[in-house]
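Listed below are the residues making up each chain.
Protein chains: 2
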Amino acid sequence: MEIESAAQGKLGVFGRCKALPGKAKDKIFDVGKSVKKLGKDDPRRVIHSLKVGLALTLVSLLYFWRPLYDGFGMSGMWAVLTVVVVFEFSVGATLGKGLNRGFATLLAGALGVGALHLSSLFGKEGEPVVLGILVFLLAAAATFTRFFPKIKARYDYGVLIFILTFSMISVSGYRVEELLEMAHQRLSTILIGGTTCIFVSMFVCPVWAGQDLHNLIASNIEKLANYLEGLLRTRKLIAGFGCEYFQASEDKDCIEALKNDKSFLNGYKSVLNTKGTEESLANFAKWEPGHGRFLFRHPWKQYLKIGVLVRQCAYQIEALNSHFTSDIQAPVEFIRVIEESCTKMSSESGKVLKSLASSIKAMKHPESANEHVENSKAAVKDLKTALEAAGMGDSDLLAIISAATVASILVEIVDCVEKISEAVHELSQMARFKKVENTVSPETKPKQMLLHRGSVKPVLDGDQRPDHVTITVLDTASIDSLENVNVKPQGPKKPIEEV
Amino acid sequence: MEIESAAQGKLGVFGRCKALPGKAKDKIFDVGKSVKKLGKDDPRRVIHSLKVGLALTLVSLLYFWRPLYDGFGMSGMWAVLTVVVVFEFSVGATLGKGLNRGFATLLAGALGVGALHLSSLFGKEGEPVVLGILVFLLAAAATFTRFFPKIKARYDYGVLIFILTFSMISVSGYRVEELLEMAHQRLSTILIGGTTCIFVSMFVCPVWAGQDLHNLIASNIEKLANYLEGLLRTRKLIAGFGCEYFQASEDKDCIEALKNDKSFLNGYKSVLNTKGTEESLANFAKWEPGHGRFLFRHPWKQYLKIGVLVRQCAYQIEALNSHFTSDIQAPVEFIRVIEESCTKMSSESGKVLKSLASSIKAMKHPESANEHVENSKAAVKDLKTALEAAGMGDSDLLAIISAATVASILVEIVDCVEKISEAVHELSQMARFKKVENTVSPETKPKQMLLHRGSVKPVLDGDQRPDHVTITVLDTASIDSLENVNVKPQGPKKPIEEV
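Residue numbers (full-length UniProt numbering), protein chains in the order written: chain P, 1 to 499; chain Z, 1 to 499.
Among the clues, some could well be false.
As the list claims (entries may be wrong) - Label pairs and their calculated CB-CB ranges:
| id | chain 1 | residue 1 | chain 2 | residue 2 | range |
| --- | --- | --- | --- | --- | --- |
| 1 | Z | V308 | P | K152 | 53 to 61 Å |
| 2 | P | R44 | Z | E178 | 38 to 46 Å |
| 3 | P | L180 | Z | K40 | 56 to 64 Å |
| 4 | Z | F122 | P | G32 | 46 to 54 Å |
| 5 | P | M202 | Z | V129 | 53 to 61 Å |
| 6 | P | P149 | Z | P289 | 26 to 34 Å |
| 7 | P | V31 | Z | L180 | 30 to 38 Å |
What the hints assert, rightly or not - List time: in silico PhoX-like cross-link candidates among lysine-lysine, alpha-carbon distance up to 25 Å:
| id | chain 1 | residue 1 | chain 2 | residue 2 |
| --- | --- | --- | --- | --- |
| 8 | Z | K27 | P | K36 |
| 9 | P | K150 | Z | K27 |
| 10 | P | K27 | Z | K37 |
None of these hints come from the bench; they were simulated from the model.
Don't be surprised by glycine CBs; every beta carbon is placed ideally from N, CA and C.
Just chain P, with the same shape it has in the complex:
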């Protein structure tokens, strides 16, 4: 923008005028393109705009249609105002604002009438003073409550409307004689406006915040999966060129290609900053009634918990990603030691996340994820065993350090992914996701479950070198009871309270 105007400055006034029509055409073309893009990215935006128009036109009937106008008169204005300020993109946000507005108006109206009565006891002189003091105190106190995070999140608009209505009633009531009628008209028109909003929002192509949150979490998990599997896919795609990360390569072009593969390199980046969106969607979702596959008290809070874990995994991926830009190539013999297990960690973690994402989408119990979690943990063990076994001899430390870091961060990622898997299992339990029929043969099943319930931790013998590992089985449930897991829903490992 600034560069543009600097260039224009050089052209002089005449040149600028001459260039204007062409520029304006370009500008209009650009705007048109971005309008089209906005609409295409999410067609619900277009529908939402039309819905707002529809709701406004509906309440305009209060004016246009004589019988209605005779009933409400100028108060119909409040209905128009209500529609404009209450109508939001999602049903939850609209409901939240509408209910906040309704209840706050009711409460503040009652308090305002009370304040008028109170002040009238102080005589003609004292009345405005008392009213002024009351308005000051209530406005200040109510404004302060808006700083409480919980109130800010759910009732901010209600407190605003409370202050507004209280001030208007107690101040204008001082002059208006037919106060009660005014209050009644205002309340009923707000009710009409609010109901129109909620009706149009819920029954004309509704946008559910809960559904959006559900989809957002699933797609965030999928983005991480794409990155982890992309690492592998890129390897395969360009394997012919010998351009694999875990292979010392001299082909600079290939490394560039890998660096520039924006599709998987940058997909996960949007996950880093979705905290705000997730939280506001969860707040809106709490206002929504049951819809589609979601019941009224769907465990929205658990989505936030999953969101936190997903972001933690994204931070690790961010750190991992910055190591791929390193120019130092590890020696071939070291790569050979870690290659297989690193590939497996990455691909199995990707598979876990893929299966979690698709099970969230389909609202089915994430059965197949467990197997991949075990595989990825086995890969971590393999890596440790391989590293213990390998003596590096005289190969140089500087060269291996970058590849070692990649391996080390991948181990952390496996850990994160396991936590995400646990949280999704909890969600599945809380939201009663459908269990899939058990297709694994009974012989292999118990062993796998047993592994899932245990933790593998290398034990250090002195502080020098670990030479054995112990497997601690946390849950000593017998194989019989493990078999039953799929028959009736049992509690997950940790007790969960629905909040």
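Chain Z: place on chain P using the hints.
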């Protein structure tokens, strides 16, 4: 909460009633405590609440004071409404909302009057139909523009008020005869309300969004510095116990102490999620006039750029932090190799960030940061040299991998910190921070500057082991011109446009 109510459920109705007074007392006590905490954390919250009360009481005079009431009548209500919805925490937000409201009302009012004239051409029957269609179209189109990110960020409220005013004028104008007088009264009372807000907001203990953004960025940088220096401080504090990370230790208690040192472990975590706050503060700051040490077109956008880099550094620290919880201890001989340079990287990076933060706070040119940047880069070189020199013989890879990862991430952090330093230098140039007197003797200076302008990169001989490094000097400015840097402000390395 849910646990509480579950417990209550067991008590039965009688027990619950009995427990109520005590519970209520506790609850009130809790609320009181959190009110006190909110006020203590930021006393400006209390002041803001009182300011809102003051502004509202001031506009109430429109009703209470007879000469004013005679002038405005019931339209005074709009002034009250304006104060409640426009008054925001910071001057920038209040100004933005006030200006948006004023201009949108003006524009929509004019368009509304035009729409009324247009529709009156269609006769008594056609008028409401044409008006209805116009309201529908304009509301839908304006609602759609709210999806443009740039409009959403700065003019969202204006568009809302535009829709509101247009609908109200064109709809109620159909019935109200004295339309122009109504529009005039509405506009002038909005003006009074808006001016009151802006006046109180700017002249009674003002809260400047720009100042807040400035402080936020400085404090975020400081939090990262605290972490990096905290690594070192903890080392020193408990060095007597031999509880240093870079030293193989058997003292489990010490490691626990290090793990539990919440003050430096968790300070940086808040940096991970400040993107939203930074962006809205920058948007508000753009509305603000010059204040204190900030001129009108202060480069607020540069703060966002620094913010992005600071967050990237925080992601690396997050990854680093997760490696300190690893239980594997590295072998002593490996620790000895990397200890010194790792300590130096961490402490020098911390010093860079500390000096950047304090130079931002004092709005002084970050002179001393350069030296520490060079030191930290020298430490990276030292690490590489040490690693090249060290042959590991038969020591085992698994044990060194965790410590190697810490070292490797620290190298990335040094890189991030250098980028932050560059961005702060750019800010210093753009915002004309004060230059500090040159206290370094002229003999040592040019060499140091020369180093700062070059980049050190190990060159790989084949793909096996790097055995030499080249120093590329990007800027071949002579020592004479380098000497001049402190005398007159020259442009930084890259050309900067003020946006």
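Going down the list of hints, with the structure as the test:
At roughly 26 Å, the beta carbons of V308 (chain Z) and K152 (chain P) sit outside the given window of 53 to 61 Å. Separation of R44 (chain P) from E178 (chain Z) is about 42 Å and conforms to the stated range, judged on CB atoms against 38 to 46 Å. Taking 56 to 64 Å as the suggested C-beta distance range, the pair L180 (chain P) and K40 (chain Z) does not conform, at roughly 43 Å. Under the hint 46 to 54 Å, the C-beta atoms of F122 (chain Z) and G32 (chain P), about 30 Å apart, miss the expected range.
One distance hint, 53 to 61 Å for the beta-carbon pair M202 (chain P) and V129 (chain Z), is violated here, with the actual separation near 28 Å. Look at P149 (chain P) against P289 (chain Z): about 31 Å separates their beta carbons, and that is inside 26 to 34 Å. Between V31 (chain P) and L180 (chain Z), the C-beta spacing of about 34 Å keeps the proposed range 30 to 38 Å intact. A C-alpha spacing of about 53 Å is found between K27 (chain Z) and K36 (chain P), which places the hinted pair above 25 Å, so the restraint is violated.
Using a Cα cut-off of 25 Å, the hinted pair K150 (chain P) and K27 (chain Z) holds, with the two alpha carbons roughly 15 Å apart. A C-alpha spacing of about 52 Å is found between K27 (chain P) and K37 (chain Z), which places the hinted pair above 25 Å, so the restraint is violated.
Going down the numbered hints, you'll see the structure goes against 1, 3, 4, 5, 8 and 10, while the others check out.
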